[in-house]
Amino acid sequence: MDAHLTATINILLGTAMVSTLALLGTSRLRTCARVLGLQGLAIGLLPALTSTEHVTLRIGAVMLGNIILKSLVFPWLLLRVCRKLSVRRDPGSFVGMGGAVLLGVLCLGAAAWVGTTVGAQLPTHPGGVYIVAFFLVLTGLLLIIVRRRAVMQVMGYLTLENGIYLFGSCAVIDVPFLLEFGVLLDVFAAVFVMGAALRQIHAEFSSDDATQLSELSG
Amino acid sequence: MSSANLVFVMLAAPIAAGIAGFAMKSPALILRWVAVVTGAFFLASIALAVQVFGFPEVLLSTDRALRVDGFSVFHIVVLGLTYFGSSLFALAYFRHEVAEGHFDTTMARRYAAFWLAGLSAMLLVLVSNNLGLMWVGMETTTIVTAYLVGMHGGGAAIEAMWKYLIVCSVGIAFAFMGTLLCAASAPHAAAGEALLWTHLMDERAHLNPQLMKAAFVFLAVGYGTKAGLAPMHTWLPDAHSQAPAPVSAMFSGFMLNAALYCVVRYVPIVEATSPGFGPGLLVGLGLLSVLVAAVFIIFQRDAKRMLAYHTVEHIGIIAIGYGLGPAGAFAALFHTLNHTLAKALAFFSVGRLGQIYGSHDMGRIRGAIDAHPVYGPALFGSLLALVGVAPFAIFVSEFLLVRVMVQQARWLLLVTFLVGVGVIFTAALLHGIGMVFGKPPEDVAAIEPHPGSKLLSFAFLGALVFLGVWMPAPLRQAIESAVHIVGIQP
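Residue numbers (the working numbering), protein chains in the order written: chain B, 1205 to 1422; chain H, 129 to 618.
Just chain B, same shape as in the assembly (with noise of 0.2 angstroms):
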């Protein structure tokens, strides 16, 4: 493989590690949306440079809406639900943010184990890749753990789907188009319907804090 595309791919992944890591220890709930689109950038680009095969117009078609979606539309709608709901912070529940970038490391570590084991079995890509899909994946899930606003469950929820849709552009080369175009609407969907679910939230709790719906329990 090409160096410059070897590297390229490395700077892509790399910012994805670190968009990750920026969402765990972040507060600031606008600065987090538009680190999940950059996040969204770097794996929409990804398919397209890992590709074994020359980039089609079906990839370049799933790719532009990825990147369309994740990047400006995901975004957009987070950062218009934080100013109609008036939330700006979220300071993290049971851990801090120095736990959750803490408990994020340890992801790292797990992932770079899951990733390397699985990673064997499939078609070899540069830079780990599966290493950081997994990452993403496990971060996704800490993230609607160790949260406490709504809001950032949905970006948590939008983060592991990110791991899983880099983790499937390298696994699995031929999925049928009609079938990712399908994916992408369904995530687009839940993310809408996410969006109404937490103005719902808002409207009944004065609030979006996620550790208020707590009435039902046992």
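Quick caveat, the hints were computed from the structure, so don't treat them as lab data.
Predicted model, so just to flag it, every value in this text is computed and none were measured.
There's no promise every hint is true.
[Unchecked claim] Output of the computed footprint for chain B on chain H, the stretches with three or more beta carbons under 8 angstroms from beta carbons of chain B:
#	region
1	262-270
2	280-292
3	301-312
4	335-346
Just so it is clear, CB atoms sit at the ideal spot from N, CA and C, and this is done for glycine as well.
With chain B held as given, fit chain H onto it using these hints.
Relative to the frame of chain B, chain H by itself:
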């Protein structure tokens, strides 16, 4: 009409009918419209079963993305039955809500649109030969049914909706990871074939065993979350307790079965590369579900939450069945039908009684037999069926399962299973006796039941007794045809 055309109509018509509901001007008309559409769907599902009966499979599209076989058709009929029964019950349930001012035309239109879109999405799950398309169908069910969970409004309902949305979306995302791993385990598949179930079945001996194992773990956890298998069941009691009763009946009666259906589709594939791994995981998760349900049912105070934990138990029982080979799969499929009938009736009864008592608190629901001469006895009858009392059909399916455990000398499994269902039997029966007998609170007035509710309750309860004493030959053959597809030798 050919099977392919029939399925395409069944996929498209509910969505079109949901949109048509927006042109209707009263909740009663919309609810009747939904009942008519689901009734037609149920009849169409029977027609499809008759057409497919005797064929190993019927392809529905030239690219092989859609197909039906005995396993899917059995579930399609159960889907039709659940939706039709729940839609009929919704007529009475929402009539009360309209009278109380909790259900207006706007809500009715949205209910019809999401309810019927859920029907199409679940059918898509069942007719997909492309496992990615199956995933799209299952994810769509989460998106379109989230509104139904929170439609009553209020803090608790919105909390339940949010938990349902987040937990199930994450679960289904994990299932997608499993689907991709499964496709990656077949590196030499021709263009567009890596995700076809039929292709994976043909090539199952040549799949990468490590990747297939990893795939099945993701699939079992992912779809298992939506199916309500412990320990991923946390959304289920909240969503079931807060959703309107017809929605709870549909969730328990079919949606969870659809998620389990997705897991079971992969069992014969993983079995070829890693014998015993898939069934072992299913039995483990199933047994854990029975035990978790046993602990939580004891301490429940809310009748709908108790029924939700009953669902965790029964999904666990069905999962155990699928993990025990063809005889176990037979019991599991029969149990699927029986559980659908019993649980739907139980939710109908608790839902209507909840409206009469103004609460689902089991401390308040007393003397239900006197308060409602139909749904009081129906609640007790359905609870007896759910805990496995003879002659109800659940007794037979559970007995079949126990017999398989004995035949396979799975003694530890048998003892643990019997302890779990024994605890549930005692606890649920005590809760049930407390609700049904005694004197109703003074502020609860006995009501004259609607003839329709009598008919619906007797139909469901009658079917449970009928199937408990005699299994019709066509049903036996339909179940055997389904077992032939997914029942692997232990």
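Broken hints, by number: none
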